[in-house]
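Bring the two chains, given one by one in their own frames, into a single complex with the hints.
Chains as they are written, first to last, in my numbering: chain A, 1 to 194; chain B, 1001 to 1486.
Among the hints, erroneous ones may be present.
With a straight-line cut-off of 27 Å between C-alpha atoms, the simulated BS3-like cross-links for lysine-lysine are [what the hints assert, rightly or not]:
(1) K1231/B <-> K1171/B
(2) K53/A <-> K1040/B
(3) K1171/B <-> K53/A
Rather than coming from a laboratory, the hints here were simulated on the basis of the structure.
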Amino acid sequence: MADQRPIEDMEESQEDRFLKAFDEYNDALFRHAFIRVSNREKAVDLVHDSFTKVWTYIRSGHEIDSYRSFLYKVLNNLIIDEYRKRKEISLDALLEADGVDEGAFSDLSEDTVEALAATIDGRKAFDLLNRLPDIYREVITLRFVDGLGPKEISDLVEESENVISVRIHRALRLLRSEIEKQDNKAKKKRGGDK
Amino acid sequence: MKRFSEQIQNKSNSLKLKVGEKRELRERLVSYMEYHPLPKAVSTKASTKAKNKKEVYLAGESVRVLNFNKLRFWQWSGVFVAAIFLVIPYVAEKSVPGDALYAVKVNFNEEIRSTLARSSYEKVVWETERLNRRIAEARLLADEGKLTDEMEESVAEAVRVHSENARNEIKHLKETDEGEAVLASIQLDTTIDVQSASLRNIGKASSTEKSATDKIADVLALESKAVDEEKSINVTPSKERLIAQVERETTRAYELLNSIKTLATEEEKHDIKRRLEDIDRKTKTALDKYDNEEESAQDDMLEVLRSAQKLIVFMTNIDVRETVTVDEIVPVTLTEEERVLNVKEKRDKIANLVSQIELKLEEGLPSELEGKIEGVVIEAELVVEDVNTILSENNFDLNEIESKINTVYDVVLDSAELIGLNETKPKIDKEVIPVDKSTTTSTTTDINTENEENKASTTDGSDKKIESTDSTNSNASSTGDNDLVE
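One chain only, chain B, in its complex shape (with noise of 0.2 Å):
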């Protein structure tokens, strides 16, 4: 047999592949295999199996395992770095004091934030903005009853600290810029102003028991103290920077109004659109009071610019829409259309008492008093028709007419309580303003803020044209705002 099998296998030798049959079979086996590769899997699976020692396959694992991280290690550091410089900053934003992540917040985060912040102004801003962080930590912590003194403590410091990083800036600006000084001085005095009015009255509402914000209250009088002590008195910004910062703030205003449209309700909506409008007015009053009266016009500037902040704190802070009314913060400023309405409201009411007066007149009153009161009625009556007379004609002066009225009004007022005249009591402080039928409800105001107010807004008296108070943003709309809300 084993010759047989020699004689086969000597014959069959001669079968064999050619050279180029077997480079070929080769090459098309090569480009199989490239086309259909192992997956990692297979190949690094198949590659540490080592049938008889376990201890050599768990060897070649752990080597394999240093080996995949040797080739993804880029990869992974890129996702490691990812994670510490993305992720963490990102999820310690919404932390707050108590939080693991706070330190990371308020001395990573906001510390970052800081160095970017290159000029005074914008450092003032961002202390500022810490600032309100700060207090909306606070108020955070005591809706939830967390807020425990030693925290409150070292929120209060740290408003403290912000607010004198703020004010040493201001210092720091005013020796190179004062107008700018001054800007950031109103961004500063707003915001404790606003956070001020939202605190006392969260203390209010908690009369019964010591309010949780109180130190921080405290904290922020002082500091307001302290920012109006170090203010520069007589010292204005520029007309144009004056101009465009109000510009500025308006754009940022309208932009923010825009953004809380799913948040706020619809007449903290309607208020603050109001308020808009009113700052709107005040600055084309201003803008063409410029040419006579500058000094004026500045002060109307920075009135203006104030009120535009205040708002933006304002709507900011959700905390500071809750505790507070857009009326404790920017008192509405009436149109001259409702300055006429209320003067006429005015006339007309001081007329109904006068003619009650004189009723009482007639059934007679104590000596001592009788000739007074005529003294009163004659002079009201003498006022009714003078305004009359003014109101008729084409132009006149609304501060004027409105001085005059208000005296005699107060006047018409007491003495009508003196006599006794209980229909008059309680003394009208307050008035609703036949604006529209939705301002009703919030565009009750102060009759001596309101003259203040007028008193702002002074008018040559020339001009009775009554301003679109729809206003359109256009100009506003046009300036770069980098400030935009987060």
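Looking at chain A on its own, in the form it has when it is part of the complex (with noise of 0.2 Å):
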């Protein structure tokens, strides 16, 4: 346990704490923030604010549990507040285009998340995670990228497990769609070049 090392060791995990925790999950936080945002060099920017805003909250007398899910929410918020400077469409907006309402039973389901997502080419998915809409990048990134339960999520983004559930489940019927297209087109293609 962390509290019976020697005083001198507690005296200096501070800075070394928090400089293990940069080792730990600078890679993480980079790759979240790089599929968030699309943009090599605002996700290094962004990783280093999340880590200057963590410092600051210890340099006032916090103290910081996990460093882990704390820096996840730190970046995540700073990801947020970069969408807003960018004025995207609103969550509303985006439901209502469409034409779902959040919340529908069967979504919720963690079987039916399942289901889905065995239905679904995770490379492909991937690779067309910037098509969706930010709220579900987010939540797919966390979810499969990130591998953060949905408790964990749900802390984070400061939305049920419901809501998060719903969400996911609407993000990979996005994505299966978007493959569906991709594929359709594709086939097209092969077609009209035969």
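Following this line, the structure appears as structure tokens:
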């Protein structure tokens, strides 16, 4: 347990723990940021800003229990800020455009998510992630790239687990339709070629 | 779904920071941390926070305190030493017998200063100062009614010890440097004189009951006697040394006068200034005399030194100032102008009395008196005439006419009393010296004392020019004086 370490170790650990967290999570955070903003430089800056924000938080006397979720939370907020700057379309507008209402019962089951995911090619889905609106890209990245559980994602995004599950479900459906669209296009293209 | 997850992750794993990017990012962060370091409180607080076990937390806290102390050990010990060696002695300086810190004052502060006094002369000066301090403390306690018999005895004993220490140093000094011993002895002697005069006055003030400081006064009387007995007779310091000492002491006296400007009353300041002017004048007269009458000049200088030192004791001890007037310690010395005025005034009085006595003679007096009185009248008239003649000359011996007029003055006064000229009573033994208005209250003096003073400052009569009493202290300020008052 951390508390039983000698005092000198503990005194150093604030800085050490912070740098250790950096070493441990920089790639994952970068990956997440890059998928979300689709800009390498911007992603690096976001990672940097996340860490400086966390450091400021520590300096103000706060204690961080879990760096992983805290870093994701900070990064996520920064990405949302970034989107706000870009003035992307609102979530409601998105939902309306999709012609779906959130919280449909059939979307809530983890089984249905799994069943749906099983029908999708992950490699193709990854390539098409940037076609998804960010709220879907966000949950898909958190769930499948970063490997967070529904509970963690729900804490991070500050939505209920149900909402998260529904969102993932929809995101997968969207992905599948995107893949299908692409497949159809490819087929047509091949047919046309013939 | 597992496949889906794996596929996505496999794909995404290729997304990584490049080595260069990672290094740069880390460097940026580290420098950010350096520019924004954790506050001490945060780092220690956070590092010792043990969430689950309170005991561990407490243990951590105590170790942290130790560690903190270890880091600042030297700073803390510095503060501690400063407190011991600066603050406590400083506070102790203001203590009086009975206070917790009095022992620190007497046994630590004063002993340290004793060891700092290297020469025997300095030691005498310091022991004298300690003697002053003890008496001042006793006065302070007596004023507050806190001076118990026991305390008074211990103060009296301390006074005796300090005086004895000083006498021993003087004895020691005599073997090596008799001149210096004389100067040191004057230092002690004058202090005892002034303090005795002051304590005597306290005694007089409380004549109905036993004065609280009687025991101390007794010790001082004994010590004064002892100092007198041990005095070197016919030994005087060298001319140069004496002059230097006079200069040093007068400088100090002037500096003291400056420093007590706000504390002393106008009258006191005026009186002191007048005495300092007297001292300057006497010094000049004595210096002039060195060529012809060295011995007398030396005596004059010693007298000047005594006066200066008495003034210093008077000025440095606020309690002394409250109980004694300057006049009791250092009587005023008249300027030649004042002395001439004095002579003229006496001459006029004699003339006035003689005319009254003559009237009585015409009325008729008992035969046994008549002859005597007639003789007195004739002599008085002769003297008055004589004095007038002398005064009209350019060069005259002031001492001579003073002694002439004083003798006749006394005889005429006695005669007037004898034949019942009541208006002459009470016998005028004090007179007002018409110097200027402001001095009238403070310059009353006894004729006898005045005569003594005159003797001490005998002039050869050749120089009648009045020395300027507005003496500037230009020469005095050139001496480096280490004994500045605190």
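Checklist entry - When the hints from earlier in the document are held up against this structure, which numbers fail? => result Of the numbered hints, just 3 does not hold.
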